[in-house]
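> Residue numbers (the numbering used here), protein chains in the order written: chain A, 787 to 934; chain B, 352 to 593.
Just so you know, the hints here were simulated from the structure itself, not pulled from any lab data.
The structure displayed is predicted, hence computed values, not measured ones.
One or more hints might be untrue.
[What the hints assert, rightly or not] Once the Cα atoms are required to be at most 35 Å apart in a straight line, the calculated DSBU-like pairs of lysine-lysine come out as:
| no. | chain 1 | residue 1 | chain 2 | residue 2 |
| --- | --- | --- | --- | --- |
| 1 | A | LYS897 | B | LYS582 |
| 2 | A | LYS829 | A | LYS883 |
| 3 | B | LYS582 | A | LYS829 |
| 4 | A | LYS867 | A | LYS883 |
| 5 | A | LYS867 | B | LYS582 |
| 6 | A | LYS897 | B | LYS363 |
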Amino acid sequence: MKAKHQRLILALAALVALIGAGLLAASALKDEAAYFYAPGDVKTKGVEPGKPIRLGGMVVKGSLKRAPDGVTITFDVTDGKATVPATFSGIAPDLFKEGSGVVAEGSFDTKGTFVATNLLAKHDERYMPRELEGMSYNETTREIEVDQ
Amino acid sequence: MHRFANPARFLKIARPLTGWLFWPGLALLLAGCACGLWLTPADYLQGQTVRILYIHVPAAWLGMGGWTGIAIAALMQLVWRHPLAAVAGRAIAAPGALFTAICLATGSIWGRPTWGTWWEWDGRMTSMLVLLFLYLGYIALANASARQGAGQGGVSNVTAIFGLVGAVNIPIINRSVVWWNSLHQGPSITMRGSSIDMAILWPLGLTLLGFTLWFGAIVLMRMRAILAQNKVEARMQRLARG
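Next comes chain B alone, as it looks inside the complex (with noise of 0.2 Å):
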């Protein structure tokens, strides 16, 4: 990993990169969206409404991937001092703390029709809610202790220790629905295979590809907006020092 440690380095691969996942991801999830909407059948019970599940799923997954980027992220800052870990935390925090919220969203429109209510203090959706205000608290914190000097962009490791600290969330929110009784139905995905058909199933695979490498290519795009930002500083203060 620490190949990549040379900001310089780093750019030249994830300049190519970016466009790389960007537009596949892109085309992948819209041609999910697109074919989760007139394709699929509509499901025997809650009818049209199970056409959120191929963004739902995704936003949650999302959601919990960031986190679990961000506690990657933050280990490989405290631990080996990678300075692109402490950027790449910054730049994950922003998207995962909108796929989480987006996840809440469609799952309370979701839930007016089958459940009867927009929302319940239930397993699942409070552990869910946790985390879109950890993701808050960590961008509040990394703008608060910003870094000076070398490191400057990336957060700072008290922010990287709170990313951590976090991660103990995302266990539970996976877990929520097996400890608890919950409204939220259990996993209907399990290494034993899935409870939904393939029928309705298949666009799923399309829009969680789709929006994981659309995920990819802007953290990478604001990674490198971070980098080029440090530039752009450091050459102000050459300049400012004459």
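Chain A on its own, in the form it takes in the complex (with noise of 0.2 Å):
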């Protein structure tokens, strides 16, 4: 066998193993590397009262509410999986609305409410001009339908 050999092997092997390491260290990471819990994970792991988390789903369609302070708002977040409700008083980011992603920083409270002290707009992976806006994407088609 040639020293070249001797040395491709070597090499491969070794970035064989790094890659198995990469992989498996990730794959140990993966729930404390999630950037937030989604409403799913709350109801199955249970997230105690006043432990600061985020919380990430999607805001649910007619569950925006506006307190009568004018600061106040309270919305629905759900992943499909489960709902939780949650409350926010200061400003919103501007692509915040129903029906689109939302990360919540704060805390829940005792009676399962999360209140808010931050709120972030999450922006999905569709792009599309205002003359669409009629449409919708298809996530399993991953195609631009017009809505009914």
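Mind docking these for me? Both chains are given alone in their own frames, and the hints should help you get the complex.
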């Protein structure tokens, strides 16, 4: 066996070991590296009240209500598996609206309502011109379809 | 590949190729940016800020592509002892770091109006920042362990090994939005198609190709500069010896 081949085998073995280690580390991190809890995670794992977390999901259509004081809003966050009520006082980002994604920082109170101290709008992977606003994106076919 | 191990033969091809990459690349990226600024419609949600995509995406692609190039060069250096691979690794590092920084900066500028924050420690942003630090580490290590003698100008074997190890981060960046809940959106362009409407998407093809050609031209220029520097030093040494 030539020295060149020895080096090749050694380098490839090292590379396989490295990528294996990287993948193992990444899969072990799975939940720790998650940026936010989805409502489904909260339901299955349980989050104690008062623990500061981020909650991410979609704002349920028709759930957004503004309190009489003008700065407090309440809304429901869902991930399709579970829905939790949330409340926030302050200025929400421009892209925050019903039917789109949100990441809220805060904690649960004892009644199970998420009290947010900060709101971030989560943008999805859809990009389309304004003229197409009456249309929606089909997750399974990955095509933009006209809303019925 | 060993046909090009000879720097003279490499230079014969690299010299004209630099111009062929540089000028069409510059024309394409300027045309793409102009089309992206004036011809495409605004996004239904993001409005005008969507246009940063024409810089942000090529920058991310070249930041990650640059390190992939470093890893391939490192493998060729360590296994085949290819003398130009060491030079290529060093030439790629600085533009790779620059494009990674551009990607982070444009992402941050876009994040403020879209998400409502300049920076968050989610999987995609953190792994991209790690890539920038890897580049800086690579450059520092290459400078600290500079080669003397025949292979000078190229990176040392230790630096090449670092380049190979750092490649682990590339699939992590790519998969970060799939594996973990993240603030950054999932992939828009996949094997199954694109969720970016064609009306917004098309200039991205121009800037992607343009920036990539340009990156190639920059790398070739830097490789030629390193080889020229070697020649200068070899001549100075000959002169010093009398």
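> Are the hints correct? Go through all of them and say.
We went through each hint and held it up to the structure:
Proximity of A:LYS897 to B:LYS582 is assessed by CA-CA distance (about 75 Å); at most 35 Å being required, the pair is judged violated. Taking the CA atoms of A:LYS829 and A:LYS883, the gap is about 24 Å. The hint holds against a cut of 35 Å. Of the pairs offered as hints, the one joining B:LYS582 and A:LYS829 is violated, with about 68 Å between alpha carbons and a cut-off of 35 Å exceeded. The straight-line distance between the Cα atoms of A:LYS867 and A:LYS883 is roughly 20 Å, inside the 35 Å bound, and the hint therefore holds.
Taking the CA atoms of A:LYS867 and B:LYS582, the gap is near 67 Å; set against the 35 Å cutoff, the hint is violated. The hinted pair formed by A:LYS897 and B:LYS363 fails the criterion: a straight-line CA distance of about 75 Å is larger than 35 Å.
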